[in-house]
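Colleague: Residue numbers (this note's numbering), protein chains in the order written: chain A, 71 to 207; chain B, 25 to 134.
Be careful, since some hints might not be right.
Unchecked claim - What follows is a set of in silico ranges between Cβ atoms, one per label pair, in the way DEER data are often shown:
no., chain 1, residue 1, chain 2, residue 2, range
1, B, R134, A, P89, 16 to 22 Å
2, B, R79, A, E165, 17 to 23 Å
3, B, A115, A, R98, 26 to 32 Å
Claimed, not checked - Far from chain A by the CB rule (all over 10 Å, computed), these chain B residues:
no., residue
4, Q57
5, R79
6, N84
7, L97
8, V132
Source of the hints: derived by calculation from the structure; they are not laboratory data. Glycine residues also receive a C-beta, built at the ideal position from the N, C-alpha and C atoms.
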Amino acid sequence: MSDAERSLAALEQAIADYPRQLAETTERVDAAASATVTGQDEGGLVTVTASGAGHILAVRVSPRALRDLDARTVAARVAAAANAALARAEQSLAEAAGHAPADLDEERKMRAFEQRMDATMDRLDRLDRSLDRLLDQ
Amino acid sequence: MSDFDELGNRLRAISEELAEVSARLQSTAEAAQGRDFRAADPDGRAEVVVDGRPRVVELNLRPDALRSGPEELDRLLTGLLNDGLTQARAATRQAMLEALPEQIRDEVAR
């Protein structure tokens with residue numbers, strides 16, 4: 071089998087596999103969205119529970135925080151705990167969707183996409199030339 | 025022009041269009057993420073500001089909110105946070121939908 075034929079076979083296989091992969095990803099994302107995650111402030115006095123979809127389910131402020139901290143400090147701790155829970159929910163959804171880690175920025179994603187497109191174009195070009203050669207024979 | 029040349033040209037055009045849509049979505053997402061959304065309880069005991077990412081950027085609590093007890097405080101904060109987060113998500117989603125090509129907007133919105 072030539073390189074061109076192998077490339078085409080791989081492309082056909084990828085297309086054939088797509089519905090199954092999509093169904094699996096959808097199932098993983100649904101499970102992650104309905105799972106629960108928690109976030110805490112640095113001192114562990116406030117705990118926020120959220121769904122994987124980022125819906126806040128509960129905000130637990132410990133009796134110690136209510137007793138010892140002023141309203142402004144409690145508010146800052148709640149905000150920190152909520153943001154920790156939201157970040158965790160986002161991360162778990164991204165992992166379920168099979169996305170690259172959060173530090174992979176858009177520019178790198180675009181570059182990766184362009185490289186794949188270049189590789190595809192190169193394969194098509196080689197396939198085209200192989201076919202031309204076959205037709206010339 | 026062979027079939028493969030034609031296919032190559034089509035793929036190239038799709039690639040360029042995708043790059044353009046991607047740049048537009050990126051800039052729309054950045055603008056949407058920088059917007060603020062505010063939610064407050066009717067009694068003025070608490071107020072939350074959420075940005076478009078969405079993250080809590082500000083939370084104000086009046087001292088008497090702490091005296092209402094842990095369960096009441098939980099209900100108050102859970103409701104307010106979800107109010108702000110829902111506004112932020114809805115606005116970001118709407119902005120992103122509007123940045124999509126018209127042909128696929130309705131399908132994505134479903």
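Colleague: Confirm or reject each hint.
Modeller: Against the structure, the hints:
| no. | hint | result |
| --- | --- | --- |
| 1 | B:R134 - A:P89: 16 to 22 Å | holds, 18 Å |
| 2 | B:R79 - A:E165: 17 to 23 Å | holds, 19 Å |
| 3 | B:A115 - A:R98: 26 to 32 Å | holds, 28 Å |
| 4 | Q57 | holds, 12 Å |
| 5 | R79 | violated, 5 Å |
| 6 | N84 | violated, 6 Å |
| 7 | L97 | violated, 6 Å |
| 8 | V132 | holds, 15 Å |
In summary, the structure is inconsistent with hints 5, 6 and 7 from the numbered list given earlier, while agreeing with the others.
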